[in-house]
Amino acid sequence: MESGLQFKRCNQAGCTIHEDGVCLEDFDDPTQCPHFYLAEDEESDSQIDESEPKKKDVIELFDGEQLTLNNVKKVTYKYPTEVVYLIGEHDSGKTTILATLFEMFQMGPFFNYNFAGSYTQVGFERRCFYSRIESDRSVPDTERTKLLEFNFLHLALKTNPAAPETIHLLLSDISGEKFKRARNSSDEMRELSLMSRAKIVNYVIDGEKLAKPRLRFAAINEAKLFIQKALDVGVFDKNTKLNFIVSKWDLLNPIIDFNYQEHIENAFTRDFLQRLRALDFHKIAVRPFEITKEFELGHGLIKILNSWLVEDSPPLEAKEPASLVHERMINNYTA
Amino acid sequence: MKKNNNVAIIGLPATGKTTYIAALWYLMMSHSQHCSLEIDSLEEGNQEYLNELSNKWASFGDLGRTMLADVGDVIMNLKFVESESTLTLNIPDYYGEIFDEHFRDREWSLEYSQLMNTADGILLFIDPRSTNNVSATIMSELSALKQFQDTDVFDGFLSSLQTAENEEESHEKPAKETDPVVPEKVIAEAEEAKKPKLYQHKSSSNQVKIVDLLQFLSTHVPGFKSIKVSLVISAWDVVNEYYDNISPEDFLRKKLPLLFQFLNCNQQSFQVKMFGVSAQGGDYGADIETLEKLSPDERVIVYDTGGTSKNIAKPIIWLTE
Amino acid sequence: MSNTAKQRFADWYLSADLELTEDSQNKRIESIEELMKINDKLFWLDIIRIYLGIEVNDQENFDKFIGEFKNKDSIFPVSGFNNLHKTLAGILLCFRLEKPQEINKSISLAYLNSRFFGQFSSNLKIPVLAYCNASLKTWAIKERNIDLSERRTEIVDFGERMEEDTYVVDLEDQTFVTNAIIALVDKNRSLLEETNILWWLFGETSIILSEDFKKVGLPKICPIVARELFDLITFSVHPVRARNIVNKALILANSGKALSKDFTVFQTINSLTIDERKIVLGNYKSDSEFLPCLTALFKSLTFAEGADWTPALGGKLTGADFKKSMNLTSISYQILCELLLVKNLE
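Protein chains in written order, with this note's numbering: chain C, 1 to 335; chain F, 1 to 321; chain L, 1 to 346.
One or more of the hints may lead you astray.
If we take Cβ atoms under 7 angstroms as the criterion, some of the chain C residues that face chain L in the derived model are [claimed, not checked]: (1) V72; (2) T76; (3) Y79.
If you're looking for bench data, these hints aren't it; they were derived computationally from the structure. Here a beta-carbon is modelled for each residue, glycine too, at the ideal position from N, C-alpha and C.
Could you build the full structure based on these sequences and the hints that come with them?
Here it is, written out as structure tokens:
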């Protein structure tokens, strides 16, 4: 058996799972316990002795993990960045979008974008890893997106490899937990006020849910409630560009009894377009259930990426105050 | 005019560095007419082992790992045959494991940091035959998909190398199927247990690791502006046999596309020249008869956009120009 | 701009630091307000350089800039953080330009001049360009728009007070009289400028070359027009519609037809003799990112007429393409603005 994969650990004081395999919370399957986690055993000594002093004779390198609000300045201090948020329920497909995006670049330039680097490759790799495992119901706590914090993945792209112009994207997927709380409470929604300065916000709704009659209207309602609350609190406003993305479209497309045009595009446009700067709709199927001619891997991803990278028209500036009246004819001079 | 250059050799494990160094050492020691570098002194390292290693290379031996256990860090002081200039060749870690460690532990030793701060150029080795150049999980999933069959990443190159592996697997399979005593549930659990549940750094692909390796340089070398990189694709004879006249650049673009894009977009930071090198000269199985007829200094193949050469020092020399 | 720079600070700064707190915002603004007190033109030119991401002329200015932020915030990062420094430099420029002060003329002209060849980009969403344009326009009008009707009321008032027996001359009245006379002089200046420009256009004749505009032809007329208009301007910034005036002069040189052909700066300069170039140049003799055309004129003097002097323009002007086809009015207007910047920097 490969070493280190089954190294059991528990956050709770007093739990003896690493010694005798018995969980303090009495779970048969310890992976169901919220305090349980599996540790990489590559340096088992340091796992046991948690008070080992930091080695002083080394140079610490950037860790490559997703960036938090506290350390994202490592990138923003250096480069002008565009921040893009993805929000939606847990398992709506946000993570898959990011994972598949990174995978596409691992196979070659994506559309006319070239990969110019990333300070968070490990962050991307973790997401890719977990989105490839089919049953990942027991993702340990340490691996879930730290629930209540903002996190950012960094991606540097160039359209012309030889030119200096580089686009630095910061991609932030907001956890399902945070999403749920914000939907239900104005105070929690205010915590997301960082989104009001985003280049673009992507609301991702699970196409698989829309395909099921019993689940669809609750999902649609959740989306409306969220957007409504965001507008009320001021997290979304007239400067917000919103992408409304239906994921897993390959599962929804064949469903005849769902009127997508009416229930999604028309309904949301009616309710929200007026109060936003832009509202665009996308149908994606980044990891289709079955790859066909119609639904290739990464279906719809290029269109989304383009919407993130398109040059913004200059921000709506307030009109200049009325110019001073001048009596000088020469200043009225036009050629 | 005397000028000293500092060159470091880096690369992930099993990328051909050993064979290259063995050949280089031999050819320098024997003052080969094709090699434009010669040995001044060995500042650090075990000379006896280097000699044994290079002799093994000359006799078409397998340069197994057991040979190199005590070789330690190697620092060679070399001089150019045709000028007064000197060169210090640093080989910080023979096996390449420290680079895997850098990726995993995200730290440099002070010595390594010092080495990178003073390097004028680096020799970066890539094994074209590695199945981990592109993410193994992407490949296993997608190799079945029609969508990607015609793309560069999934052309037949790697499968043409995997015949030996496939033979092994087919021996295992029948044993399982003909064993009715083991219940299915147990088999399933065993399979499940084998699947790693946690992401581990080592599961990342080589191209991802190398990109980080290079990003470490541009981020953590104080005052970093630019560095020269000789990118050496080893086992070039194998590549050349499968593809007709492919250039190292095209090979990298096809087979390690993420790395290719990264280098292409960061030419200001990394000035790269790519070389295809075969330090063996050919396959020790199939081509042995032809190889035995050649003298050692005729075996080496170094290929770049300028053409083919037998000067094994070429990738190093370019770094000093 | 209906919002003040202070109100917009967060919008601009957040692109460099998503974690802006009220406390750090206050610290940054305090630092900015301290820096605004500096009245050294060369310091502000270096701030523009930081904003454009190019090397400063005087490292002390850079240190002063960073030092002030570090003063108020001990954890402010000092080196290698280009985006943060550029962002703050841009914000500082906006704050500076918002409050009218003489030094703004130099700042605005310098920044606008640096954009001519487009080799510097500051792709930040900070509207330095808009502030520069607004500032120049404000100054152009302020210098020339002297409202004498108010003065008239004051003078009449003063006259009435003087007639009283008890009248005693006091300091306030002396100041008022002096100011009234200065206003008259300035008004006269502005009228003189206007009249001269109009006569110059009407006459369609080059003062420097003593020849009809038409005879001088294109592209030679281009730098000549710039110099002559500069000489006619009696204030420190050009009139609001200077570009249109330049355009009109060039059209006259083109026999009344609209300009359809583009020229390069290289061709334009080479159409002048060495002596003519010296006249256009005046006494400027240096090398600056903010004065690309004058620098080119200056460097070309050491070459033979007709020779290619572009290789001499490396260094600060790397990336500027002197052989790019451009609209002649733009070139002429640029030269005019560069001459005005030299005037302001003296």
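Holds or violated: the hint that V72/C contacts chain L, with Cβ atoms closer than 7 angstroms. holds (6 angstroms)
Given Y79/C was flagged as interface, is its beta-carbon under 7 angstroms from a beta-carbon of chain L? Since the shortest Cβ distance to chain L is 5 angstroms, the answer is holds.
How about T76/C: closest beta carbon in chain L under 7 angstroms, or not? With Cβ-Cβ at 5 angstroms, under 7 angstroms, it holds.
Hint check: no violations occur; every hint is consistent with the structure.
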